[in-house]
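Asks: Below are the chains, spelled out letter by letter.
2 protein chains.
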Amino acid sequence: MLPTDVLEAAASELTDWQGSGMSVMEVSHRGKDFVAAAAETESLLREVMGVPQDYRVLFLQGGASGQFDAIPMNLTAVGDKANFLNTGQWSAKAIKAARTQGLDVTVLADEAASNYTTTPAQGSFTVDPTAAYFHYTPNETIGGVEFGYVPDAGGVPIVADLSSTILSRPIDVSKYGVIYAGAQKNMGPSGLCVVVVRNDLVGHARPRTPAVWDYKAMAESDSMLNTPPTFGLYLLGRILAWVKDAGGLPAMGERNHAKAAALYSFIDASEYYTNPVALDSRSWMNVTFLQAKPELDKTFVAQASAAGLTNLAGHRSVGGMRASIYNAMPAEGVQALIDFMADFERRNA
Amino acid sequence: MLPTDVLEAAASELTDWQGSGMSVMEVSHRGKDFVAAAAETESLLREVMGVPQDYRVLFLQGGASGQFDAIPMNLTAVGDKANFLNTGQWSAKAIKAARTQGLDVTVLADEAASNYTTTPAQGSFTVDPTAAYFHYTPNETIGGVEFGYVPDAGGVPIVADLSSTILSRPIDVSKYGVIYAGAQKNMGPSGLCVVVVRNDLVGHARPRTPAVWDYKAMAESDSMLNTPPTFGLYLLGRILAWVKDAGGLPAMGERNHAKAAALYSFIDASEYYTNPVALDSRSWMNVTFLQAKPELDKTFVAQASAAGLTNLAGHRSVGGMRASIYNAMPAEGVQALIDFMADFERRNA
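Chains as they are written, first to last, in the working numbering: chain A, 15 to 363; chain B, 15 to 363.
Everything labelled a hint here was simulated from the structure, so no lab data went into it.
Hints are supplied without guarantee of correctness; some may be wrong.
Identical copies go unnamed one by one, so any copy, or any two together, can satisfy a pair.
[What the hints assert, rightly or not] Computed list of lysine-lysine pairs in DSBU-like fashion (alpha-carbon distance at most 30 angstroms, straight line):
| id | residue 1 | residue 2 |
| --- | --- | --- |
| 1 | K46 | K312 |
| 2 | K307 | K258 |
| 3 | K46 | K307 |
| 4 | K46 | K107 |
| 5 | K258 | K95 |
| 6 | K307 | K189 |
| 7 | K46 | K230 |
| 8 | K230 | K107 |
| 9 | K110 | K230 |
| 10 | K46 | K110 |
| 11 | K95 | K230 |
| 12 | K312 | K107 |
| 13 | K110 | K307 |
Please construct the entire structure, taking both the sequences and the accompanying hints into account.
Replies: In structure tokens form, the structure reads like this:
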């Protein structure tokens, strides 16, 4: 979901960007206007997220899934150790790719026993100080499971897949070695991946790392070693301006917390709906819920969609329902869902 | 450049795609509407390009530059032989990446002696029958140099970077093992890369090939192993429909040939402008030209831009001017350039 204001502005200038008479998709990415726009996007991202001076911001292609492979390529040699937490399908994919890239992976905690409805308790695992990095997934979109804390990894660089939580609340970038995030949740259209990497982790890529994923090569070229996803960069800039105007990440955090709290409160008060996730691990972004009559799941999703409430089917691997309430979802949208759920319960319970 | 009709249609439905009340950027890529749209895009591409049944069409991220690495990863083992032609900077980058990926590269012809204003004569080189593949760049955008023929590689698979010529005229896909092309010239916005690969070349990826670039994994998932660049896929579908409606690739070819012929004829008739490229190697897409007073190059570009004729500076590595007249450039645009060039000559010669 994208902010309506942003989409309307994008539509209004899709055929004439900044009075150029051209679409932003048509101007040269090496021209001064686009270079300035890309620099402004980076500057806004740094400002909004509070990215410290000693971090680089990279705009890459291939999605967060591409980074599952690119991170080992950039940070490790074959045979190096890496520590992971497994809290669901996205963690598992990152682990699989790290092994594919020849790492000696230790999974410090795996939440299989709870069917991935929990996060490991703070302090319940210890990161190997000889590991090249420690990876976790702060929010699992499928299970709707989220960490309430940033793990302590000693001095080992923390690598985090923030695809579904970036820009959703303030974060302390300085705690991380690498943050990466596909843009399509809170940052705009798919096809753009943001990587924020601490300077000391740049410049160690394996010899066969593809140039378009080599952090050093991309840092040195301002992410323009090849043609970047220009439309995505443009739209990210607009979204960051929208976030800033709305009060920045503190305001986003308050707003997102209130949205999630309203929905979980309704579910908890209901005798018809339940949320399977541990209280300390409930996602602000992806609220999963089950109904007492699971045979009505398809009916629920279809009737909700007819009422303008879309994308509510749970992931095919877990069933049930899932409401993804990213930044662009207004509080009114969450209230409309709650009203629909209450009505559905009255009609079907 | 994008067709005006396509951009206007995209703008009109940017906030409401197919009556969904949402942007195409907001709908789930796993939803039936988007899956149908992506399938329609592939179907249109197959129809318009005449892609044979025994070829797969993949929609990837990372640009053609990503494929410089992904092709060796998918087609070869380290140490395998590959043959290349070097006709300019794009060839050179592909060669460099192939060497980075550990291939034993032989450059069968290098046009350095002509400062990359020529293509090797047909029959002047012989592809090693033990090479894993033969690579060439049918059109070099920087030099404005283009092959007038498809090389004979014996039975060795031909791999071709068609970034700047795809959809510009009919091509015989069956002559190639792999065609790859960044979308941003003739197929829409940057961030999407089309790969057309013969089935027998799928399934041989090296063990550490990133999943998002593994031809087999992407073929088996209909290019949706991860979130694809949804807006790019949508726009490519619209552009393909525009190409089809305009008469398909035969009509594009006639139109592009006429545009290029008009511009080259004007340059050849002029005593002020020259084109440095060999007659048999002149690009239909990128027409380079020099003026008798190179000290006026910046003036030319600035005055042209003020007259609405943009992006005319030659690449920084070669200087001079370059008119990129891709599919979406109408004949009237080329005529406007010719008129401007004639006027500039009158004022400055």
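Asks: Does each hint fit the structure? Answer for all of them.
Replies: Status of the hints after comparison with the structure:
no. : hint        : in the structure
1   : K46 x K312  : between (51 angstroms within a copy, 15 angstroms between copies)
2   : K307 x K258 : neither (43 angstroms within a copy, 49 angstroms between copies)
3   : K46 x K307  : between (59 angstroms within a copy, 25 angstroms between copies)
4   : K46 x K107  : between (39 angstroms within a copy, 24 angstroms between copies)
5   : K258 x K95  : neither (39 angstroms within a copy, 53 angstroms between copies)
6   : K307 x K189 : neither (44 angstroms within a copy, 57 angstroms between copies)
7   : K46 x K230  : within (23 angstroms within a copy, 40 angstroms between copies)
8   : K230 x K107 : both (25 angstroms within a copy, 17 angstroms between copies)
9   : K110 x K230 : both (25 angstroms within a copy, 17 angstroms between copies)
10  : K46 x K110  : between (41 angstroms within a copy, 29 angstroms between copies)
11  : K95 x K230  : both (22 angstroms within a copy, 29 angstroms between copies)
12  : K312 x K107 : within (28 angstroms within a copy, 51 angstroms between copies)
13  : K110 x K307 : neither (36 angstroms within a copy, 60 angstroms between copies)
Consistency note: the structure conflicts with the earlier hints numbered 2, 5, 6 and 13.
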